[in-house]
Amino acid sequence: MTTVTESVSGNFSTETPTLDLHEIQATVLRPRPAPYFGTHVLLHIDDARAGREFIRRLAPHIASATNWWNAATAWLEVGITYAGLEALGLPKESLQSFPEAFRVGMAARARQLGDDGVNDPKKWDKPFGTGQVHIGVSAFSDSEDKRRRALAVAREQYEGFSGVTVLAMQDFGAQPGDRNSLGYKDGIDQPAIEGSGVEPLPGQGRPLKAGEFILGYPGEAGIPLPMPQPDILGRNSTYAGFRKYQTRVGAFNRFLRANGRTEEERELVAAKLVGRWRSGAPLTLAPDVDNPALGADPKRNNDFDYANDPHGRQIPFGAHIRRMNPRDTELTRLTDVNLHRLIRRGTTYGPPYDPNALAEADDEVPRGAIFLFISAKAMATIEFLQQEWINDGNFIGAGNERDPIIGRQEEGATFTIPKQPVRRRVRGIETFNVLKGGEYFFVPSMSALKWLADLI
Amino acid sequence: MATETATPTPSSVRPPSAADRIQQLREAYADAPAVGRAALDKVIPELEAAMRLQQRQEPSTAGRIGLRRGKVSELTGIVTLAPGGAKRLRLLLKTLGNNFQGADKVGTLHDMRFVFLDNDTRLLFATAYDGDWDTYIEDFVTKIPDAMDLIFCNLDGWPGINSPKAKDFIAGFQIPADTWYVASPNLTVAETKRLEKIGAAVEEFLDKIQ
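Protein sequences, first through last, are from chains F and Z.
Counting from 3, one number per residue, gives the positions in the first sequence under the numbering used here.
Counting from 247, one number per residue, gives the positions in the second sequence under the numbering used here.
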């Protein structure tokens, strides 16, 4: 069996890690195992003292990033919303030191996020966007049994404990073959982080400055990002944008049938939308037919740039992976692509993708993905991505076209597949992943958790 | 970080009807010069027709401050120049000539206007650009910090592009336009360039087959 070290992370660097790994939460650096099993729990604090007591009891069970490369274990992660920090009784000057977008919350930033139409916060599942969500606890593991045990540990800290209420729970886990709710292998491309002690994988690019992802370190501009105060709260902490999508599998399959007569044609269209075959093999390295062995090999499945694909004839400019990480693509706007990266912890929930599901009823099956987008400026980066790279096409000269996988589509949306002699324009793109909720979480360091528990 | 400046839009107040508006105009123009009063009388039928056709499409806001029409936004500001700033800036602009390759590189600037006011003590700056300006400010910090500091250091109080206060400084001197007309609100700079290229290619094609 391959360990996570072999399958997801790069080689150990000869340099020792320079980050305070024992302070940073494991989930910030540790990729999902494969396969993975887990649960998200959303909690409400009814009483500040009880909330702090819960944090005190939970803190010793939250995994730090020490040995983050070893994911053959189960671990817990915790995040706190702004409403949660208020409910814990954080002093006013400390609350004021958080960025505006975090303070008002994800629902209130719908305009900046382009969360309108079917993605409008008014249509979200409860309890998202109501201000009720205070704490999120997530259990991650590489087996169902370990997931249950990790969750039991979390539960012991809040069950039968008045003052903290469970609002919602959501189990998650990879589908057979480690696929997501649309049948693709996902989570392949992650930014490498300087000082984390692991060399980048081929194609991962140079390690980015740690301050982009963890507070208290210099970022790409050479200076640390503004931190919430006091320093003990900010340093080694970070933020996570939590976004829950429901996948309209029927709509996606109907679209594929309308645009491909044979299975082969449909799979090619599906690959063009994402930039990878469902196996994970990128079209730059497997342009004509899928290569599952390539898709499964972490040393090869991300080892490419766009130098040999300047016209998008392999991976279309508008393909999901080219939008989310344009690498060396020439963009229409002055852009530093290294400033807009996120650590993605995608967690798939619901029944597996079914290629034969065609009914509208199949769109209503609770199935999809919950993402944790982690960054020291998660709010700004998610807003940038939503505005510029997901719900617009201007940056790649694609007019009004949007990301075909996670974009919120307008009526009559198209997707352009560059091709010789003339491009193919595919019609009938719908919103295949509908946003069902979201929250911004502060992901405290170990010391910050203790500080929060000891307030007043 | 400063709180957002929201344009007050009292939704409870119903917009005045066309007849009300015309009446308001008549009253406002009552003390206008004679040529203005006469002109108003003549254009009233035209105004009424225009108001009937007018789609009540309110402009949205461009990020923190400024108006936005479709995909294009405006930034207008009057700012005090630093001592010696006017001299340096004039010289810098002359050196660049009318060929702003740096602005081309940004890829979103439709135009920029630099107007020196009040004996070179203040600057009127106006530009039309695509999207929200603050979305890309971090990109300017790492990609063109020198260009930004070279120009902006001539403004009184510029904290430096690396400062977290740079955004607040820019928003601070902005004056949101009251009204802004845009002929092609959906044409970004990138889209305009693409259409120019397509137009030229089509003409070339037609030339060949004629």
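It is possible that part of the hints are untrue.
Capping the alpha-carbon separation at 30 Å, the derived lysine-lysine pairs in DSSO-like fashion look like this [stated by the list, open to error]:
| hint | chain 1 | residue 1 | chain 2 | residue 2 |
| --- | --- | --- | --- | --- |
| 1 | Z | K439 | F | K421 |
| 2 | Z | K333 | Z | K413 |
| 3 | F | K421 | Z | K413 |
| 4 | Z | K454 | F | K421 |
So, partial list: chain F residues that the calculated Cβ filter (under 7 Å) puts toward chain Z [what the hints assert, rightly or not]:
| hint | residue |
| --- | --- |
| 5 | G165 |
| 6 | P226 |
| 7 | Q231 |
| 8 | I234 |
| 9 | D330 |
| 10 | F386 |
| 11 | G399 |
Label pairs and their in silico Cβ distance ranges [unchecked claim]:
| hint | chain 1 | residue 1 | chain 2 | residue 2 | range |
| --- | --- | --- | --- | --- | --- |
| 12 | F | I225 | Z | G282 | 27 to 35 Å |
| 13 | F | A50 | Z | S409 | 32 to 40 Å |
| 14 | Z | S430 | F | H313 | 56 to 64 Å |
| 15 | Z | I421 | F | P312 | 53 to 61 Å |
| 16 | F | R208 | Z | N344 | 51 to 59 Å |
| 17 | F | E366 | Z | L271 | 47 to 55 Å |
| 18 | F | G91 | Z | P405 | 55 to 63 Å |
| 19 | F | G91 | Z | R298 | 55 to 63 Å |
| 20 | F | P204 | Z | N344 | 41 to 49 Å |
| 21 | Z | P405 | F | A50 | 32 to 40 Å |
| 22 | Z | A274 | F | E366 | 32 to 40 Å |
| 23 | F | P312 | Z | A278 | 39 to 47 Å |
| 24 | Z | G403 | F | V106 | 55 to 63 Å |
Simulated from the structure, these hints should not be mistaken for laboratory data.
Note that this is a predicted model, so its numbers are computed, not measured.
Cβ atoms here follow ideal geometry from the backbone N, Cα and C, with glycine treated the same way.
Consistency of the hints with the structure:
1. K439/Z / K421/F: 21 Å, holds
2. K333/Z / K413/Z: 25 Å, holds
3. K421/F / K413/Z: Outside the cut-off at roughly 42 Å; violated.
4. K454/Z / K421/F: It holds: about 23 Å lies between the C-alpha atoms, which stays within 30 Å.
5. G165: 32 Å, violated
6. P226: With Cβ-Cβ at 10 Å, over 7 Å, it is violated.
7. Q231: Given a least distance of 13 Å, the restraint on Q231/F is violated.
8. I234: 20 Å, violated
9. D330: 15 Å, violated
10. F386: 6 Å, holds
11. G399: 5 Å, holds
12. I225/F / G282/Z: 27 to 35 Å: 56 Å, violated
13. A50/F / S409/Z: 32 to 40 Å: 36 Å, holds
14. S430/Z / H313/F: 56 to 64 Å: 27 Å, violated
15. I421/Z / P312/F: 53 to 61 Å: 42 Å, violated
16. R208/F / N344/Z: 51 to 59 Å: About 38 Å separates the Cβ atoms of R208/F and N344/Z, which means 51 to 59 Å is violated.
17. E366/F / L271/Z: 47 to 55 Å: Given range 47 to 55 Å: holds, Cβ gap about 54 Å.
18. G91/F / P405/Z: 55 to 63 Å: 34 Å, violated
19. G91/F / R298/Z: 55 to 63 Å: 58 Å, holds
20. P204/F / N344/Z: 41 to 49 Å: Once the Cβ atoms are compared, 46 Å apart, the range 41 to 49 Å for N344/Z and P204/F holds.
21. P405/Z / A50/F: 32 to 40 Å: 38 Å, holds
22. A274/Z / E366/F: 32 to 40 Å: 57 Å, violated
23. P312/F / A278/Z: 39 to 47 Å: Distance hint for P312/F, A278/Z is violated at roughly 60 Å.
24. G403/Z / V106/F: 55 to 63 Å: 28 Å, violated
When the structure is compared with the earlier hints, violations turn up for hints 3, 5, 6, 7, 8, 9, 12, 14, 15, 16, 18, 22, 23 and 24 and for no others.
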